[in-house]
Amino acid sequence: MSKILIVGEHAEGKLNAGVGKVVAAAQGIGGDIDIVLFGDSLGEVASQAAALDGVAKVCTVERAENAKPMAAILAPQIVEIAKAGYSHVLFPGGTFGKDLAPRVSALLDVQQVSDIMAVHSASSFDRPTYAGNAIVTVEVPAEPMIVATVRLASFTAVGTGGAAAVEAKSVDASLPSHTRYVGLEAQRSDRPDLQSAPKVVSGGRALGSSENFEIIFKLADKMGAGVGASRAAVDSGYVPNDMQVGQTGKIIAPSLYVACGISGAIQHLAGIKDAGTIVAINKDEDAPIFEVADFGLVGDLFQIVPELTEKL
Amino acid sequence: MKVLVSVKRVVDYNVRIQVKSDGSGVVTDGVKHSMNPFDEIAMEEAVRLREKGVVTEIVAVTIGGQKSEETLRTALAFGADRAVHVKEEGDIQPLTAAKALAAVFKKEEGKLFLLGKQAIDDDASQTGQMVAALLDCPQATFASKVEVEGETAKVTREIDSGLETLDIDLPAVVTVDLRLNEPRYLKLPDIMKAKKKPIDAMSFADLGITPGAGLKVTKTSPPPSRSKGVMVKTVDELVEALKSKGLV
Ligand SMILES: Cc1cc2nc3c(=O)[nH]c(=O)nc-3n(C[C@H](O)[C@H](O)[C@H](O)COP(=O)(O)OP(=O)(O)OC[C@H]3O[C@@H](n4cnc5c(N)ncnc54)[C@H](O)[C@@H]3O)c2cc1C
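If you're matching them up, the sequences are chains A and B in order.
Heads up: the first sequence at position 109 corresponds to 109 in our numbering, and the numbers run straight through without jumps.
Heads up: the second sequence at position 51 corresponds to 1051 in our numbering, and the numbers run straight through without jumps.
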């Protein structure tokens, strides 16, 4: 039977919403599911992890060096823990997991599976390639261990009615001092988080400036939506990078996605393939975004977006 | 200071990918290939570091069949001084590639290894991190700013929650994101000059690497297609449509 270790992502006393989705993927594999958390003060986060349905045990590794998640420091500790009989080590597929999982894989000398989007068995998974334009089914050697990241947009988080045991662990691994944390310039906003928001409004290059982007924020606020952007809007400096949706940005799966002035390049579409309903507003009736949109409206977004905001 | 840059030959990002009807893979024959866009950014960064006087030598490395030589020539045209071609055909998985790259880095006694944050074919985003693990050195992934000062580097990383800065000792591995820079346009004289620059060929065996068992792709399928939607004429119609679906 499988014994699955999930490495839990968290920040400022909050468990990342993606962890519940990784648990859902783990349930697809089947077996015992444990979560391990690294940090310097994990009380709050541990109880949030323990509440996730289907989790057998939460292990906490508190240590000053673990205050910020740095791959070079966490990887040797994860390897120590994983070697105690785990068959799978899973990570959420955001930048945290992408940074960390390959370092763990290499230390364990196993090839890694990136972005599991469907589970066929304990050793067979689907994953996207070519910006999601081809889905491959892979068969992974089960020995000595399977290391993978989970594509969060593909799974629905488990419920939070559980009560797993929490166990403090100390890990005997020597940690490097060659990597030092300097700081984080966090983008704070009161809007719903882009990755978990049920609705997302995104703007593209067409907005033309960060001032103009305000109309996107207004529409989003009216709808209670998160806000995203195309790479072009990010590159032009209208909005910060962590709003980028797409192959090399965030992969999201809201039930409603509204793309305003976004052409629909494959790299952008890669990020919204799992959206429930896609609405496109674009002045070019031949824009590729209309090929995937459930509702398309041709016209100038500077008229349409404010009108839509008003009428909702 | 010597910098290594890895470059991969991939299907060009503008190509519309076709999945073969028998599910055995995607069509790559007769399709335009080019250097992985993130690797171009890594190359550009290496050249800028040399222009700043931080870097003295740039070595481009690729792993792949004969055709990958074109990619190395592109890297040489960007400004790499030399190139290393690990000549191996077939599908090379990230850990195997990382082992070869780490071996070349050691042999070359490099100080900094710049790689793209992901290759746009397999989208795995693994190789740089694995190279760092194998070299037991620092890693800074998804870099949007790299400042080298003596024996350390300050790297700003694009992560889900914002921009994180790490201070790392060299030697180190840095994987680059799209925003780090804009690669220069290659000039004909540089492309001509690149033809004369040296390329060292070697194999996995020369580097002491035996590819182990890896992931086996059993099927390749196109993504589920989205059915074509409806075009609405007015904002009112759109609002009605969204209301009737319970979305607003
Ligand atoms: C390796 C690589 C990775 C990439 N990763 C990503 C990624 O993750 N995410 C991403 O988004 N992109 C990514 N890109 C970039 C991508 O290829 C496109 O360049 C980008 O998505 C284009 O953004 P855009 O649609 O906002 O801009 P454009 O392509 O310039 O489109 C602007 C659109 O706005 C419309 N428009 C203009 N004015 C108005 C108006 N007044 N009213 C209504 N409509 C108007 C135009 O008709 C046009 O369709 C990547 C590229 C590469 C090479």
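The reader is advised that the hints may include incorrect statements.
Claimed, not checked - Only pairs whose alpha carbons sit at most 30 Å apart, straight line, appear in this in silico DSSO-like list of lysine-lysine:
no., chain 1, residue 1, chain 2, residue 2
1, B, 1032, B, 1107
2, A, 83, A, 68
3, B, 1233, B, 1219
4, A, 218, B, 1087
5, A, 3, B, 1087
6, B, 1216, A, 83
7, A, 68, B, 1216
Hints listed in this document are in silico derivations from the structure and should not be mistaken for laboratory results.
Legend entry - Hints violated by the structure (listed by number, smallest first): 1, 3, 4, 5 and 7
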